[in-house]
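Enquirer: Protein chains in written order, with the working numbering: chain A, -17 to 366; chain B, 9 to 198.
Worth flagging that the hints you see were computed from the coordinates, not collected in a lab. Glycine included, every Cβ here is placed at the ideal spot set by N, Cα and C. Among the hints, a few may not be true.
[As the list claims (entries may be wrong)] Cβ pair distances, simulated, as ranges: (1) B/E148 <-> A/R181: 57 to 67 Å; (2) B/Q123 <-> A/R181: 51 to 61 Å; (3) A/Q205 <-> B/G58: 34 to 44 Å; (4) A/R231 <-> B/K149: 30 to 40 Å; (5) B/D71 <-> A/F311: 49 to 59 Å; (6) B/R119 <-> A/R181: 57 to 67 Å; (7) B/K149 <-> A/G186: 19 to 29 Å; (8) B/E70 <-> A/G74: 53 to 63 Å; (9) B/T22 <-> A/R181: 48 to 58 Å; (10) B/T22 <-> A/Q205: 28 to 38 Å; (11) B/A187 <-> A/E342: 19 to 29 Å; (12) A/P36 <-> B/D129: 52 to 62 Å.
[Stated by the list, open to error] To list a few chain B residues with every Cβ distance to chain A over 12 Å, as calculated: (13) E36; (14) E44; (15) T48; (16) S82; (17) K88; (18) L128.
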Amino acid sequence: MTRTAAPPTRPPEPDGPRPVSRFEFNLVRVLRFFLGHFPSDQGIQLVRAAMTRPECLSDTAVGLVKDSLAKGCVLALVRAGGWRSDRYLRAGKPVGGRAWERSPPADLALAFSARVVEFLIWATAEKVHDPKAPWDAPYEELTPADELFFWLAFDACRADPDLVAVLRTRDAFRLNPLCWLGYPGDMAADDESAPPDFRPCFAGPRAVILECLQAHLARRWTQSERAKGQIGDWERMRRQGRAEFATLRAFLAAAGAANRTDLARFVLKTNVAMFGTDLAPAFWTGGLQGSGPPRLADRLDTQRAALAVPRQLEVLAGWQQRAVHVGYFDEDYSASQMWKQEWEAAGGDAVAARARAAVESLEPLRAPVGGAPPAATDIPGDDA
Amino acid sequence: MSRAYRITVKESDTRHLKAGDEIATQLEILEILPPEDMATLLREELKTRGFGEQDDGTLTREDGQVTVTVNPCSGEVSVKAHAAATVNQEAKREASGFNDIGPSESSLRDRVREQLKHDLDKKFDQEQSRLQTRATEELEKHLQKIQPEISAIVNKVTRDALKEKAKQLGTVTEISEDAETGSLTIKLEV
């Protein structure tokens, strides 16, 4: 790897472990749990336990927090997919390489605000599932790095539904696009929950973070789709499906508007992973128990919601249609070419046809009678 | 001296219950002609099948308890079933008390009346769900019945559109249709 900037000078490391108070010790362990470097069960016990909050943190503890954040968040991004040599758009042109090769170091800097430390103190001092003291961070004050940290924290806490129920009500999580992209089913408290504005995700460090998370998101959505067949509760399926549909629709609309179709790669990859063969809607809805809601309208709504991810392919197919018609002298020619290559490499047409067949098989009043209707291309005189 | 007594309270209520169910979907109309021409063909075909045009441009047909509505411009079709009934329910409860201890007769009567209200609500809820089931069953039955008709409408519109398109392309010399397979062959001179 070529070093492009001299590393900042660090103070010499002490010989042994640095002394911290009991509270600070727990706070560092909570931080390591959020960053995925501490056993999940022990970490959940720590955030479920209360501890008397000190007046302030020592310099040693603050130094440890800074060090863990700097190393842990970068490591999380690299492991999630930043290490992959891939192509993403820079000013409308594809640029290849690993995350740190595609952008200059200055554009990759992660700056954390004091909100992160406030949250860590709160999560250590309070029983997060039943807090006595309020805590929240106004979303406008969060930096891209803060959003990444809160997403990691939410991911770590997902194993405990009580923690999820509390965290998703806080703005730092509720309005965090990464939390919605990763776990829409967990973020939606009810049918009316709406995803946040995704427009800021396509510029600056947020776009770089999304690039690093593409492989992770594709893996997570694929797992989630495969697990849907195990969902037995109609209400849960409907809520999760609606949240997924709203999230992906809003995200794809924002990605299309920002001309960053490369950042929606995970949606295409998820569908490619699903539609290796033809799939019937039972793949998603086969686990639903009982006859479901009494109204046919509600049952159909739930089944449609279950296929939220395949339904997004119509948007991606629309991008492909548009890309085909972009000319060499058009402004977004390079971006369109890149999307076309990705679509063709993924077998997008076949995947879209399979997804469409699965979605349409749910629709009532669609079965053809007396043979399929003739297609417009069958007109004999059309070629003349 | 303590004396026991028994009271019997009867309540009855009449309510008008309504239930409904609805599905909406999109007709798969191919864009053989411009959308407004396809909409015109669809509108004409629907009219021949007894659909009436509404002020908002949609076409509607009532089939018993079921209403089918088609928007020829967007191709959206909705099938709505409704059921309504005026239901009378009665409930009766008995309670016993003592004249010297426990609640007085009037408060006992009030309490029984309150319980009777809950009993009546429960009975009406059961009637409501029965009515809902009836509406849903009616909708499901009607969907099976109407599906071939909707497919036939879509096929007819597609055939008519193809003929129209062929006319625009040249002089039609021969048209042959096979109703069984749904195939349509148009020969034309360009």
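Enquirer: Would you mind marking each hint as holding or not holding in the structure?
Expert: Do the hints match the structure? See the list:
Distance hint for B/E148 and A/R181: a CB-CB separation of about 43 Å, inconsistent with the stated range 57 to 67 Å. Evaluation of the 51 to 61 Å hint for B/Q123 and A/R181 yields a pass: the beta carbon distance comes to about 57 Å. The supplied range of 34 to 44 Å is broken by A/Q205 and B/G58, whose beta-carbon atoms lie about 51 Å from each other. A hinted range of 30 to 40 Å for the beta carbons of A/R231 and B/K149 is consistent with their spacing of about 34 Å.
Distance hint check: the CB atoms of B/D71 and A/F311 are about 57 Å apart, consistent with the given range 49 to 59 Å. With their beta carbons about 60 Å apart, B/R119 and A/R181 fall inside the hinted range of 57 to 67 Å. The hinted range of 19 to 29 Å is not satisfied by B/K149 and A/G186, whose Cβ atoms lie roughly 58 Å apart. A beta carbon spacing of about 56 Å between B/E70 and A/G74 agrees with the range 53 to 63 Å that was offered as a hint.
At about 56 Å, the CB distance of B/T22 to A/R181 agrees with the hint of 48 to 58 Å. Taking the beta carbon of each, B/T22 and A/Q205 are about 55 Å apart, not inside 28 to 38 Å as hinted. The hint said 19 to 29 Å for the Cβ distance between B/A187 and A/E342, and at roughly 25 Å that hint holds. Separation of A/P36 from B/D129 is about 56 Å and conforms to the stated range, judged on CB atoms against 52 to 62 Å.
For B/E36, the shortest C-beta to C-beta distance to chain A comes to about 7 Å, within the 12 Å cut-off, and the non-interface label is violated. Residue placement check: B/E44 keeps its beta carbon more than 12 Å from all beta carbons of chain A (closest about 17 Å). Listed as outside the interface, B/T48 is consistent with that label: its C-beta sits roughly 17 Å from the nearest C-beta of chain A, beyond the 12 Å cut-off. In this structure B/S82 is separated from chain A by more than 12 Å, as the shortest Cβ-Cβ distance comes to about 15 Å.
At roughly 9 Å, the least C-beta separation between B/K88 and chain A is not larger than 12 Å, which violates its mark as non-interface. Annotated as non-interface, B/L128 keeps its C-beta farther than 12 Å from every C-beta of chain A; the closest such distance is 21 Å.
Checked against the numbered hints given earlier, this structure breaks hints 1, 3, 7, 10, 13, 17; the rest are met.
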